[in-house]
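> The chain contents come next:
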Amino acid sequence: MSNWEPKILALLCNWCSYAGADLAGVSRMQYPPNVRVVRIPCSGRVDPLFIVKTLQSGYDGLFVSG
Amino acid sequence: MSLKSRSVMVVGAGIAGIQAALDLAEMGIKVHLVEESPSIGGRMPQLDKTFPTNDCSMCILAPKMSESVRHPNIKIYTTSIVDSVSGVPGNFKAVITEKAKYVNQEKCVSCGLCEEKCPVKIDDEFDMKLRKRGAISRYFLQSIPSEYTIDRRSCLYLNKGVCRICEKVCPAGAIDFDDKDKQYEINVGAVILSSGIDTFNPIHFGNFGYKRYPNVVTSLEFERMLSASGPLGGHVIRPGDHKEPKSLAFIQCVGSRDENINHNYCSSACCMFAIKEAIIAKEHIKDLQPSIFYMDIRAFGKDFDKYYEKSKSKYGVEYIKSKVSDISQDDEGNLILKYVFENGEIQYKKFDMVVLSIGLQPRNNITELAEKLNFNLNEFGFCRSDANTPLNTTSEGIYVCGAMNAPKDIPESVTTSSGAVAETLKFLRLERQDLTDKKGAVPEMDVSGDRPRIGAFVCHCGINIAGVVDVKAVAEHAGTQPNVEFSGNLIYACSQDCMNTIKEKIKEHNLNRIVVAACTPRTHEPLFRETISEAGLNPYLFEMANIRDQCSWAHMNEPELATAKSKDLISMGIAKARELKPLKRLPIPIDPRAMVIGGGLAGMTAAISLAEAGHEVYLVEKENELGGNLRNIFFNFEDDPQELLADTIDKLRKNRLIHIHMSTEIQKIDGYVGNFKSTLLKKGSDQPVIVEHGAVIIATGADEHESKEYLYGESSRIISQVELERMMKDKKFPGGRKPQNVVMIQCVGSREEGKMYCSRICCTKAVKNAGVLKKMLPNANIYIVYRDVRTYGFREKYYSELRGKGAMFVHYTPDNKPEVALVNDMDPDTQVNVTVFDPIVNRNIEIKADLLVLSTAVDAKKENLDLAKMLKVSLNTDGMFLEAHAKLRPVDFATDGVFLAGLAHGPKDCSESITQAKAAASRAMTFLNKKAVLAEGTICEVNESRCTACGYCEQICAYNAIEINKEKEVAKVNDALCKGCGACVASCRCGALDLRGFTNEQMFSAFESLDIINVMNE
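Residue numbers (my numbering), protein chains in the order written: chain A, 1 to 66; chain B, 10001 to 11018.
Wrong hints could be hidden among the right ones.
What the hints assert, rightly or not - The calculated lysine-lysine pairs, modelled on DSSO-like cross-linking and capped at a C-alpha distance of 30 Å, are:
{"#": "1", "chain 1": "A", "residue 1": "53", "chain 2": "B", "residue 2": "10979"}
{"#": "2", "chain 1": "B", "residue 1": "10064", "chain 2": "B", "residue 2": "10160"}
{"#": "3", "chain 1": "A", "residue 1": "7", "chain 2": "B", "residue 2": "10350"}
{"#": "4", "chain 1": "B", "residue 1": "10729", "chain 2": "B", "residue 2": "10775"}
{"#": "5", "chain 1": "B", "residue 1": "10755", "chain 2": "B", "residue 2": "10584"}
{"#": "6", "chain 1": "A", "residue 1": "53", "chain 2": "B", "residue 2": "10107"}
{"#": "7", "chain 1": "B", "residue 1": "10872", "chain 2": "B", "residue 2": "10817"}
{"#": "8", "chain 1": "B", "residue 1": "10584", "chain 2": "B", "residue 2": "10654"}
{"#": "9", "chain 1": "B", "residue 1": "10350", "chain 2": "B", "residue 2": "10049"}
{"#": "10", "chain 1": "B", "residue 1": "10581", "chain 2": "A", "residue 2": "53"}
{"#": "11", "chain 1": "A", "residue 1": "53", "chain 2": "B", "residue 2": "10584"}
Just so you know, these hints were derived from the structure itself, not from any lab.
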């Protein structure tokens, strides 16, 4: 397990954090590739169920940003 | 006026030109947008961040750029200039020359191979010569149009007849050396000029060593250094030795406020620009010490002073009020500044790097343009416009916006753009637009009940994605996913031919869901949605996987992991797409009438603009007299404010479309964009009147601050500026004698704890009133006790004139305010003693004043809060109305259909209020000129059988879009108000709510699509 990398799901608000992730790309800022982004219309959309479901699906961590 | 046209030419496609084009296009007017450079965008793309919000400049501009290139009513001409304009307003003929680009714009795929192989390397103007580019190049990374062009001045083949390398390497065969200049002749009803400004070149200026000392740069060069997408990738280094600077000096007013070079004006934006750069630089280099050398810090805009204060308290930016006279360089490339304080004291200080805050000046080709289009320039060479007609040039039918007629920052430029649009309307034939039935629109296929048949497309984006990600493997992977009927690659998914491919594949494979793995949906989703609807699919049956911005660009050094991530992202997109449902966008009808709240200058001007364009207006004024604050202004530099007031009232009263409701309060405003219903009550009446309208303009004004300081009210000789104007008009002064000593104290009630904003107009007002006094009483001594003299723009001229006439300016700081004492406290007309520390003589001076004039703040109206609640709009911390976006939506609210003008937005003078009022009218008309608008499809829905009417969602909705129907005991969503945030869905305890387009089912499908546990076990 020495090279184990956590798989992280990121729920990003379309208007700020998702835009920020785009900007990071446009600016060529490099970050680890073990994050999968799902766009949401607002962080207010994040239902407690989302957190349960993602962890149940096997993700090691969840990042909500808005 | 019989001549009316359906089109307008806009000259210059910076943010001002873009905004003007978008507003006109939304009103149904055809716009010819002419731009000299190869891309639209103007100055904003060069900026890293914008003050005072530190928004990324390109990120806020890009959506406007894409919108204008996509808009069916806007035709963009790049590398083009206007040759001539002839004819009369309403029927101009304009000739435009489009310079040869030598690249077939239809074929070019913007892959960049040509520039890579081009043997010519020249300084890149966009990056302020900090980078080299080829003779064939793209203007900047996010250029629109994005195609490459050849610069004929430097191309080897075009000048020497040899090379043609680009032609050989171009995979698309787009190079066309036979390309010729093209001429277009167009008919337009009016012209809007927005060709912007140049920056001052300090090369032969002062003893600052620009271009001699490598570590002296201009503020615009520094901006490119700060920019993450700039030539240095956002790493601030000294150009001389590439070391990180630890101390940084900004020198203000380089090329501004300088009579010697005929720049006797303030460039308005550079103080804030320097503050911003100091803050951002400090964010880049934690142990950096930025220092700003200045004469006056002019942070006069909305929320600017808070930013200025924050730069001191949070970022430790040092401010040194002095004049830098000389810079020398030591052996290590450090710079030694020699600077002089007000009292004549000279000091020296060493800095690692120096930034010259260069001023703004007219465009170098403005004289040529003025001759061609026959408009006049002012004394400084800017396009001439007058205070009461700030958007008119001297040529009828030709209007001006942006910084072309005076230095301006971004929000002011945007405001003038919308304002100029309102002015053109009298030469245009407006027709209320139906919901656009596009020509040959394909009827929508009914796919309900059909098994999902998904088409997945993976974009190469030239080398942007394909250079890192194995796009073929991603497409193959997509093909293995359930329900995917077709998968394939596209070189540039957004190019016209690739979009045609998508449409063909939809037909060929009978696809009913489309997934595109490419760039970001934030910019490209609308384009693809439009494309699939052209093939008969509901536009919401579309999903994007962002494998460029959030993958290939972010993991450039890990191609295998980036490919794995791309596969996951497209799988998730496909999984969500499987659950997508067609959505409807419901039409919201728009009532063409408007209500304007407030009968001051802004309100009246807005009402007149709307009515002149054919809209019925209800103007509501609380008092029994029109005019608001303008009633108390009797002097101006060039014209008579009372004449302006009388003219405006006259125009207002004569217009039959305007219904004036005097002495009337608003009791209630219900409804939403296009469908407002307001209850008005006239004073003394108990019969409320109900009016219906499609838009609201708030122009409720502001109050003059009543001072609690400086013994205001204790002597008839202690007065406010407004009271002084009345005295000067009546020529009656306290005690019946002409005053000999007059002291004015600035910033009374402004720029202090709890009211940390600049009232903007008081410096100019003090200068104006002092000038009037000086004319009336040439022997009077006038002292203006100030913190910073903020006579921005061309107002600077009057300030230096007044200094020339002998008025004395004494600087004070808030911790050492002037002291005021009554000479005889038994006498209500007593003179007052003013004691103030004068830094020039370095001691206290005492003035026995016959008049003490307090330059009091502009206060927000207390009633703002009630109105804000009624309309569901916000106020800022100072109680002023808060616009939708500080930079790019300065007269809109986040709530559709509500607009803002005048002092209610923040302090401003008459000329600025007129501009903003016209802008608000014009923004309102972008709605009012439509018969209906479409609500968004991704809105909330209620499953009534599950709803228990607990009311939780109603409380949580920030947009008042949910209401509990008490009779049926269920929640009801108002489709027009719902913004689709989904906060209610997350709050609903019974699972009765769901968000279309982001349903639980769709989201879960995406979450569960990856076989993560198995991957881990491998």
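> What are the numbers of the hints that this structure violates, sorted from low to high?
Of the numbered hints given earlier, those the structure breaks are 2, 3, 5, 6, 7 and 8, listed in rising order.
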